[in-house]
Amino acid sequence: MEVKIDARGLACPKPVIETKKALEGINEGNIITLVDNAVARDNVSKLAKSLKLHFSVSEADGNFEISIFKGAYAQSPEDMVQKRPDLANLVILVGKDTLGEGERELGETLIKSYFYALSESEPYPKAILFVNSGVKLTTLNSQVIEHLKKLTEYGTEILSCGLCLDYYQIKDFLQVGGVTNMYHIIELMNEANNTITL
Amino acid sequence: MIITFSSTHQAIHFERLLLGRFAIEMIPTPRDITASCGLSLKFEKEDLSSILDALKAEDLSGKQLYEYIEEKQIRKMITIGWEDAYATKA
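Residue numbers (our numbering), protein chains in the order written: chain A, -9 to 188; chain B, 914 to 1003.
Honestly, the hints are just simulated from the structure, not real lab data.
Here a beta-carbon is modelled for each residue, glycine too, at the ideal position from N, C-alpha and C.
Careful, some of the hints might be misleading.
To be verified - Only pairs whose alpha carbons sit at most 20 Å apart, straight line, appear in this in silico PhoX-like list of lysine-lysine:
no., chain 1, residue 1, chain 2, residue 2
1, A, Lys139, A, Lys39
2, A, Lys140, B, Lys955
3, A, Lys139, B, Lys955
4, B, Lys976, B, Lys989
5, A, Lys11, A, Lys(-6)
6, A, Lys(-6), A, Lys4
Stated by the list, open to error - Computed list of chain B residues with no C-beta within reach of chain A, every gap over 10 Å:
no., residue
7, Phe956
8, Glu957
9, Lys958
10, Ser962
11, Leu968
12, Lys969
13, Ala970
14, Ser974
15, Glu980
16, Ile982
17, Ala998
As the list claims (entries may be wrong) - On the chain B side, residues computed to face chain A include the following (Cβ under 8 Å):
no., residue
18, Thr921
19, Ile925
20, Met939
21, Ile940
22, Pro941
23, Leu952
Hey, can you work out the whole structure from these sequences and the hints?
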């Protein structure tokens, strides 16, 4: 079974919602979503990834086609063999660019210290979500980038809130991880066994 | 290599002094060191000599220098006296 979704011109997060609906509607087969921008492409790809489904992305005439395969063999034997360190089903929500309340200088030092220690401590979190001024940590000049990069190598998903990056006008300076929206943030937090808010 | 501090203010002061000039990193003090305010500066050994130069005018009391050594996959912390460090350098 193959379902095609033309999500061109649809505002975020519509392409993701439509793709998800279509995936839920079939037992086995391909869902092909057509989008006209890179953010939508990334968000739909992320959906496939989070559902552990195989997908491929192709580009033509400035549009992107994300083909997601849903089936009994969604997980290839190859993936099963690739062993990564265990991730805790834990999501960390970072709502500001310092740790704790008080003097900013100390807060900046503490947040650096936090991410250093986090990148050294197993099991690693499944995802770290950056919202509000927290997005300053994933962008230019931040001193935690290296720690966050290390975490992504272990499989932790690093996501920054798109509208927050936009608000602070630092969208072009993202150094690590992807961009996400509130629906995905809610989904990750709701599905987690534990969510820590910083 | 690591420098530990007896107060947070000292740690932040040293960080400001060295940041941008050397590849230093503020980290929580490793667990095997107990005498510390909890913050340490980490840097590569090849920068030691230049960092020692940069700290010449600073009060080094209450600050301790350590070197991490890996022997047969066991990490060991070696305490290095400031005087020894400066002497070896010269």
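Exercise for the section: Would you check the hint for A/Lys139 and A/Lys39, treating anything up to 20 Å between C-alpha atoms as holding? Expected result: 19 Å, holds
Problem - Proposed interface contact between B/Pro941 and chain A, which counts if any beta carbon pair is under 8 Å - result: 5 Å, holds
Practice task
Check the non-interface label on B/Ser974: least C-beta distance to chain A beyond 10 Å or not.
Solution key: B/Ser974 is indeed farther than 10 Å from all Cβ atoms of chain A, at 21 Å.
Practice task
Decide, holds or violated, for the assertion that all CB atoms of chain A are farther than 10 Å from the CB of B/Glu980.
Solution key: 19 Å, holds
Problem - Pair hint outcome, A/Lys140 versus B/Lys955 [Cα-Cα no greater than 20 Å] - result: 17 Å, holds
Exercise for the section: Grab the minimum C-beta distance from B/Met939 to chain A and call the hint holds if it beats 8 Å, violated otherwise. Expected result: Since chain A brings a Cβ to about 5 Å from B/Met939, closer than 8 Å, the hint holds.
Exercise for the section: May I ask you to check that B/Ile982 keeps its beta-carbon over 10 Å from the closest beta-carbon of chain A? Expected result: 18 Å, holds
Problem - A/Lys11 paired with A/Lys(-6) [C-alpha distance capped at 20 Å] - result: With Cα atoms ~12 Å apart, A/Lys11 and A/Lys(-6) stay inside 20 Å; holds.
Exercise for the section: Verify the proposed pairing of A/Lys(-6) with A/Lys4, using a straight-line Cα cut of 20 Å. Expected result: Holds, because 15 Å separates the two Cα atoms, which is no more than 20 Å.
Problem - Assertion that B/Ala998 lies outside the chain A interface [Cβ separation over 10 Å] - result: Holds, since 24 Å exceeds 10 Å.
Practice task
With a cut-off of 20 Å on the C-alpha distance, tell me whether A/Lys139 and B/Lys955 pass.
Solution key: Within the cut-off at roughly 18 Å; holds.
Problem - Assertion that B/Lys969 lies farther than 10 Å from chain A (Cβ) - result: Holds, since 24 Å exceeds 10 Å.
Comparing the model with each earlier hint shows no violations; every hint is respected.
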